[in-house]
Amino acid sequence: MDSSAGEYGMGRLGLFWVFFTGLMWRFSDACPASCTCSISRIVCIDSVPGLEDFPVLTLDDMENITEIYIANQNRLFDITDNSLRHYINLRNLTVMNTRLSSISSDAFFNNTRLQYVNLRDNNLSTLSWRTFQNFNASLPLFLTGNPLDCVCENLWIKLRLLEDSDSPDLRCTDDRGVTQAFATLTPPDCEVPRVEVDPSTVTVMQGSRVEAVCSASGSPVPEILWNLDMLSTHYEIDPLDMESRITLSDLSPDDNGRVIICSAENMVGQTEASLQLDILFAPTIQQLLAPERNHHWCIPFSVTGNPKPDLQWYHKNKALEEQDFIRTMIHVSTKSEYHGCLQLVNPTHIHNGVYRLVAKNKYGRDEKKVSAQFIDPPDIGHPGVNTLSHFSRLFSVANLSVYVVVGIAGVALTGCILMVIILKYGRNSKFGIKGSSSVISNDDDSASPLHHVSNGNNTPSSSEMGPDAVIIGMTKIPVIENPQYFRNSGSMLKSDTFVQHIKRHNIVLKRELGEGAFGKVFLAECYNLVPDQEKLHVAVKTLKEANESGRADFYREAELLTNLQHEHIVTFYGVCVESDPLIMVFEYMKHGDLNKFLRSHGPDAVLMADGQHSILVELTQSQMLHIAQQIAAGMVYLASQHFVHRDLATRNCLVGENLLVKIGDFGMSRDVYSTDYYRVGGHTMLPIRWMPPESIMYRRFTTESDVWSLGVVLWEIFTYGKQPWYQLSNNEVIECITQGRVLQRPRTCPKEVYDLMLGCWQREPYMRLNIKEIHSMLQSLAKASPVYLDILG
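Count the sequence shown with mature numbering (1 follows the signal peptide of the UniProt record, and there is no 0) and you get residues -30 to -1, 1 to 763, in order.
Just so you know, the hints here were simulated from the structure itself, not pulled from any lab data.
Careful: at least some of the hints might be erroneous.
Cross-link-like lysine-lysine pairs, in silico, DSS-like; alpha carbons within 25 Å at most [as the list claims (entries may be wrong)]: (1) LYS339 / LYS286; (2) LYS278 / LYS305; (3) LYS288 / LYS339; (4) LYS490 / LYS473; (5) LYS560 / LYS490; (6) LYS338 / LYS288; (7) LYS332 / LYS278; (8) LYS332 / LYS305; (9) LYS330 / LYS305; (10) LYS490 / LYS514; (11) LYS288 / LYS330; (12) LYS490 / LYS480; (13) LYS278 / LYS288; (14) LYS480 / LYS566; (15) LYS560 / LYS505; (16) LYS473 / LYS505; (17) LYS338 / LYS286; (18) LYS566 / LYS490; (19) LYS721 / LYS560; (20) LYS480 / LYS514; (21) LYS566 / LYS692; (22) LYS721 / LYS742.
Put together the whole structure using the sequences plus the hints.
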C-alpha cells in the first residue's frame, strides 16, 4: 500500500475518532447518570439514582433528539410545559412504569412532530384533551395500566380511542371503586359541545355593520371563543348566556373572503363553526405600471373589487378592441384581487400614446392612465422647402446617381468574373476552398465547431419550439416564455467554442437512472474521455425526438453548456451524434439529486429507507452551510455569465463524493417532482413555490428572481428537503406570495441564515441581497463552523 494513502487513511480514522470521542464526551457530560444518550436517542431505565424531570442537554443536542424512552423512574411525577419544550424534533415518546400523575395541557405544544406516545403503567387518573388537541386523531396513544377515573374529563379518551387496538384493555374506576371497561363509560351531564353561527355567511357592502351570534350547547357549559387573527375590521364581542354576539363595524375590503371561526369547548372537547365574509366594494386600480419588455410587451396592473370588475382599455381616448396581438392577461386572481397585464405582440409606433384602464362593477369605477412609447415614429420629412432650389438639388443628385450606379455595376461585373475564375481553376489549389463545411463533421476529429448564426438573442423561435417553449437548464420543456433567460448570452457563446464529439463505441450503458420528457438518462462507462483515466462513470442523456427542431435545440444547448465551466456546475463532456438517438454526456454525481439526499439524511430518513435496515446519519448544521455556500458559488458564476436559471431548487442540484454539490439536472425533476410544479393551461408548468411575486404575476425572470429562489433553496436545506408551503395548495401558495407572506424560520436554522433568507425575499427585486453578498456571508458562516464530511459512508 502507498504510504501516503496509509497516512491519509490513518488521518481520516484519527479525525473520526476525535469527532466521535468529542461527541460522546459532550453527551456524557450532560446526560443524567440513569440515562444513555446518543445523537438522536435518550434511554433512561436505571431507577438509581433516578430522574425527577426530563434530561436537560445543550440546546442543539435536544433539538437533534427524535426518541425518548423512560422507564422505572420512581421520582418522575409530572410533565410540565417546559419538560419537552426544546425537544422540537421528537418523534417517539415512551414513559412507562413511573410515578407520572400529571401532564399539563401545553406539555407537547412544541413537539409538533410526535408520531407515537406510550404512557402505559403510570399513575394517571385524569388526562385533558387539550394536551393532544394539536395532533391528528390517528396519533398512536397508549394508556393501559393507569388508574384512570370514570369521570367526564376522561370521556374524550373513549371517543378518541374507540377504534384503537389499546382500547379493549383500557379500564377506569368509578367513585365507588368499581372498575369498568372504558368503552362502557357514560358519565352523567357530560357531552361534547355543539355550536352554530347565525348567519354563517354575510354578503354586505364595504363600510357596513354586521352582527352574528355564535350559539353553543353542551355539558358542562362550554366556553365560547372567536378566532379573530389578522382581522382588519373593527369588532366588538358581547358574551351572553350560552352564546356570543360579534359586531363588525366599518367592514374593510381587506377582509373579503375571510372565514372567522367560533369555537365552543368544555372538558369533553371542542367544536367549531364559521362565519364567512363576502364584502362588496367598488374597484380600485392599485397599480398601473409603465410598459415592460418580456417576451412580449406588457403593461402590468393590479385591480381589486368585489364582484369582479369589468376591465376596459382605452388608447388615445378610443376604446381598445382586444385581439390576438393585444389582449388582457390575468396571471393571478384571488377572491377580490386581479394581477395581470395588457399584452402587446410586436407593437409599432402607432401603438404609442396614453393607455387608460377603466375598472368598474355595479358599485363603482376607477381609472388610471399610463404613457407608452414602444418604438420611435419614422422621419416623415421637413416642411418649408424652397421649390426652385429643391428641384435644382434633385437634378444634380440625379446626375451624380448615374455615375454611382455605373461605377457599382462595373465593380460587380469584375467581381463575378474573378469568382468564376477561382471556382474553375482554384478547386484543387493549396489555398483554394474545399467545398462546404458541415456543422457535424464525419471525420475522425474529436471536436467540431458549433457556431450560432446570430450574436443576438439566441432563444429558439416560436416556429421552432411552439409558442410556450424555452430551453431551461439542460431540458426543453413547455413553459412560459422568458427572453431574459438567454439575454446577453452572446458573451457566453465564444466564437471559438468547440463541442467535444465522443465516439459511440466508447460509451457502454450500465443502467437506466430515469426518464424525462426529452428521453432517458443512463449511467454509463465512457472510455478515452480524459487522458489520465481509461474509463469514467458518466451520465448519458438521450434525445427522444430527433426531428429538425429537436436537433437544432440539441446543438444550441450543447454549445451553451460547453461554455458553462465551473466547479459547482455539473460538467458537460460532449455529444455523440453518429446516429440516433443523439446523446449528451455529463459528469455522474454518485448521490443523486440534493432533495432526495436531504430527506434521506434528515429526521424523516426512516420514511425514505425503502426497506433498508441502515438509516443514514443526519446532516449537521455545518454540513448544511457547506452545501448552501456551494450552490451560492454556482449561482454567482451563472450571474456573471448573464445566465438566469429560473428553476433553481434542491431537486435541480446534484450531490457527489465528499458532499460536493453542483447545480444542474438532466430534466427528470419535472417528472419525478411533478407536485412541485403548477400547471397553467395545457402544457405550461411553473415552480411557483420557488418564484417571487413579479415572476408569478408578470412572468419576469431576472438574476434577482434567482436570488429569491436561492432563499427558498436555503429553506429547503434547513428543513431537510421539505416542500415549501407543503401545507398549502398551489392557489393558496400564489395568494400567500403575492400578498407578501414568507416561509417561517426552520427549527434547525440559525438566525443569521434566516436573515439571509429574508434578504432574498424582499418584495422589490432591487431590495434583495446581491448574489455575491449571499455567497460571501454563507462562506463566512461555513468557515466558522468546520465540516466533518465523511457522512456518506
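Are there hints from earlier that the structure breaks, and if so, what are their numbers?
Hint 19 alone not satisfied by this model.
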